[in-house]
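So the protein lines, in turn, are chains A and B. Numbering that gives the first Met the number 0 puts the first residue of the first sequence at 0, with every later residue one more than the last. Numbering that gives the first Met the number 0 puts the first residue of the second sequence at 0, with every later residue one more than the last.
Keep in mind the hints are simulated off the structure, nothing from the lab. Certain hints may be false.
[As the list claims (entries may be wrong)] Covered by chain B, per the in silico footprint, the following chain A stretches (three or more residues, Cβ under 8 Å): (1) 148-157; (2) 341-353; (3) 356-369.
[Said to hold, decoys possible] In silico SDA-like links for lysine to any residue, alpha-carbon gap of 25 Å or less: (4) B:Lys4 x A:Arg37; (5) A:Lys392 x B:Lys79; (6) B:Lys79 x B:His104; (7) A:Lys210 x A:Glu383; (8) A:Lys117 x A:Pro161; (9) B:Lys45 x A:Lys210; (10) B:Lys122 x A:Ile395; (11) B:Lys21 x B:Lys56.
No residue lacks a Cβ here, since even glycine has one placed at the ideal position from N, Cα and C.
So you can see what is in the structure, the chains are spelled out below.
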Amino acid sequence: MLKTPIYMDNHATTRTDPRVLVSMLPYFTEKFGNAASRNHSFGWEAEEGVGRAREQIAALIGGKAKEIIFTSGATESDNLAIKGVLEFYKDKGNHIITSVTEHKAILDSCRTLERAGKATVTYLPVDQYGMVSPDDVRNAITDKTVLISIMWANNEIGTIHPIAEIGRVAKEKGIVFHSDAVQAVGHIPVDVEKNGVDLLSLTAHKLYGPKGCGALWVRSKGPRVRITPIIDGGGHERGMRSGTLNVTGIVGFGAAAEIAAKEMNDEAERLREMRNKLQAGLFERLDEVYLNGHPTERLPGNLNLSFAYVEGESLLMGINDVAVSSGSACTSATLEPSYVIRALGTNEELAHSSIRFGIGRFNTDEEVDYVTERVTKEVRRLREMSPLYEMAKEGIDLKSVSWKA
Amino acid sequence: MSYSKKVLDHYNNPRNVGSFAKDEANVGTGVVGAPECGDVMKLQLKISDSGVIEDAKFKTFGCGSAIASSSYVTELVKGKHIAEAMAIKNTVIVQELNLPPVKIHCSVLAEDAIKAAITDWKKRKGDEAEPSSADKVGQA
Numbered sequence: 000m001l002k003t004p005i006y007m008d009n010h011a012t013t014r015t016d017p018r019v020l021v022s023m024l025p026y027f028t029e030k031f032g033n034a035a036s037r038n039h040s041f042g043w044e045a046e047e048g049v050g051r052a053r054e055q056i057a058a059l060i061g062g063k064a065k066e067i068i069f070t071s072g073a074t075e076s077d078n079l080a081i082k083g084v085l086e087f088y089k090d091k092g093n094h095i096i097t098s099v100t101e102h103k104a105i106l107d108s109c110r111t112l113e114r115a116g117k118a119t120v121t122y123l124p125v126d127q128y129g130m131v132s133p134d135d136v137r138n139a140i141t142d143k144t145v146l147i148s149i150m151w152a153n154n155e156i157g158t159i160h161p162i163a164e165i166g167r168v169a170k171e172k173g174i175v176f177h178s179d180a181v182q183a184v185g186h187i188p189v190d191v192e193k194n195g196v197d198l199l200s201l202t203a204h205k206l207y208g209p210k211g212c213g214a215l216w217v218r219s220k221g222p223r224v225r226i227t228p229i230i231d232g233g234g235h236e237r238g239m240r241s242g243t244l245n246v247t248g249i250v251g252f253g254a255a256a257e258i259a260a261k262e263m264n265d266e267a268e269r270l271r272e273m274r275n276k277l278q279a280g281l282f283e284r285l286d287e288v289y290l291n292g293h294p295t296e297r298l299p300g301n302l303n304l305s306f307a308y309v310e311g312e313s314l315l316m317g318i319n320d321v322a323v324s325s326g327s328a329c330t331s332a333t334l335e336p337s338y339v340i341r342a343l344g345t346n347e348e349l350a351h352s353s354i355r356f357g358i359g360r361f362n363t364d365e366e367v368d369y370v371t372e373r374v375t376k377e378v379r380r381l382r383e384m385s386p387l388y389e390m391a392k393e394g395i396d397l398k399s400v401s402w403k404a
Numbered sequence: 000m001s002y003s004k005k006v007l008d009h010y011n012n013p014r015n016v017g018s019f020a021k022d023e024a025n026v027g028t029g030v031v032g033a034p035e036c037g038d039v040m041k042l043q044l045k046i047s048d049s050g051v052i053e054d055a056k057f058k059t060f061g062c063g064s065a066i067a068s069s070s071y072v073t074e075l076v077k078g079k080h081i082a083e084a085m086a087i088k089n090t091v092i093v094q095e096l097n098l099p100p101v102k103i104h105c106s107v108l109a110e111d112a113i114k115a116a117i118t119d120w121k122k123r124k125g126d127e128a129e130p131s132s133a134d135k136v137g138q139a
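Could you put together the complete structure from these sequences and hints?
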């Protein structure tokens with residue numbers, strides 16, 4: 000039986016896997032100790048749970064357990080990576096290379112440093128598929144460059160960047176390389192060694208773990224990467240992030256990582272099939288649908304489409320029993336359409352018409368069929384109501400019209 | 000964001016969607032907004048020689064509140080004299096539909112659409128002696 004509403008917004012967050020929840024429960028009620036309490040069994044039990052989680056998470060990304068620094072989430076991890084590296088290496092230089100489609104946690108951290116006069120930042124463009132070019136990274140490097148930060152996969156369009164190639168450029172030039180891998184970890188293979196990454200941001204709630212728990216992996220050898228903390232206090236996490244550990248969250252994060260390590264390959268295959276079916280179904284039924292993102296180098300569960308002549312928020316309103324998201328201005332807090340889709344250089348109005356489907360572990364084929372029909376019906380209805388669709392059908396080139404906004 | 004009942008009603012059951020036939024007489028067309036801003040409203044008013052709005056139709060590309068604002072406006076102006084319609088302020092639309100502050104621009108656009116349609120009708124009436132070249136909607 001199909002149950003509505005249907006959740007298909009798994010890039011925003013994921014449902015906590017029931018197996019993850021079960022692993023967490025004892026840490027609320029019985030093993031509730033502070034992991035930093037060194038002299039009683041309550042502390043030891045909590046520390047044991049945290050230690051296991053470190054192992055589980057490190058195993059998923061090919062790092063060492065002691066290199067995991069727990070944080071409150073990926074926004075904090077990104078802030079710590081950017082600000083921590085810039086502060087620590089300030090005698091070496093102050094130049095950051097990043098890209099225009101990064102998450103706001105990266106972009107705004109960079110802007111803050113720029114405004115404070117602590118950094119100069121190069122924001123690399125992306126190609127029409129949203130991909131950064133390793134050559135652009137290489138050409139942007141100056142003798143002041145101390146950090147390269149390029150996300151592993153984009154949260155809106157799912158494009159997977161050429162991380163290994165960028166990693167090689169960074170190694171060659173001896174520059175610290177950070178990657179926000181929030182959307183990638185647990186969904187596609189992420190190996191920090193093979194890809195030459197030095198710092199990696201991750202978070203539990205994008206891989207079926209709880210919210211409020213993230214990590215920054217910091218390379219300890221070859222080379223050892225140093226960061227200055229942004230939160231001071233009791234010196235937890237080897238002095239890099241003070242604050243009592245969120246033991247329940249961390250235990251859940253670990254359990255989620257272990258499940259992902261075991262099931263990721265099969266799951267990716269299954270999600271890719273569902274995604275491709277949804278994509279094919281919508282392209283078959285509707286004309287003038289455009290894919291945003293890379294046709295092949297894309298997260299398995301990601302589908303970002305623009306339905307020309309239909310505004311995204313109105314479409315979301317029409318498919319109100321399906322939870323997806325839109326790059327439309329009307330759905331953003333800033334009232335600006337998606338900067339990621341605009342960076343692709345396609346029509347500005349296609350950003351307003353974009354819908355992001357994020358298929359995840361708990362979606363079913365039946366749901367994909369339902370969403371296909373629901374979206375088709377609503378796009379058709381809204382196009383009947385759209386003056387732009389009418390004009391396009393009459394053969395008027397919308398670009399030739401001088402609009403009075 | 001949650002929508003008011005009235006916005007939902009207009010969105011789900013929009014009034015007077017459509018376009019008048021191209022050759023229909025006494026029709027004024029207003030197209031306001033721009034695709035890259037995410038809002039385009041086309042409002043058409045059929046106006047008698049004495050200046051009374053007899054019928055109205057709309058098509059809108061935009062969010063639910065933009066669709067609701069234009070739908071409501073088609074109901075609001077019917078039967079009104081153009082002088083009255085020209086005096087309609089966006090605040091009437093905001094109040095009727097309970098639009099939140101971020102959606103006020105939708106009501107402004109709807110007010111502009113009324114003015115643009117009436118202006119177009121007046122222009123066409125004045126131009127009647129000569130063949131009209133202003134058929135392409137949206138052209139400034």
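A quick look at each hint next to the structure:
no., hint, in the structure
1, 148-157, "violated (count 0)"
2, 341-353, "holds (count 4)"
3, 356-369, "violated (count 0)"
4, B:Lys4 x A:Arg37, "violated (58 Å)"
5, A:Lys392 x B:Lys79, "violated (33 Å)"
6, B:Lys79 x B:His104, "holds (24 Å)"
7, A:Lys210 x A:Glu383, "violated (41 Å)"
8, A:Lys117 x A:Pro161, "violated (28 Å)"
9, B:Lys45 x A:Lys210, "violated (56 Å)"
10, B:Lys122 x A:Ile395, "holds (23 Å)"
11, B:Lys21 x B:Lys56, "holds (13 Å)"
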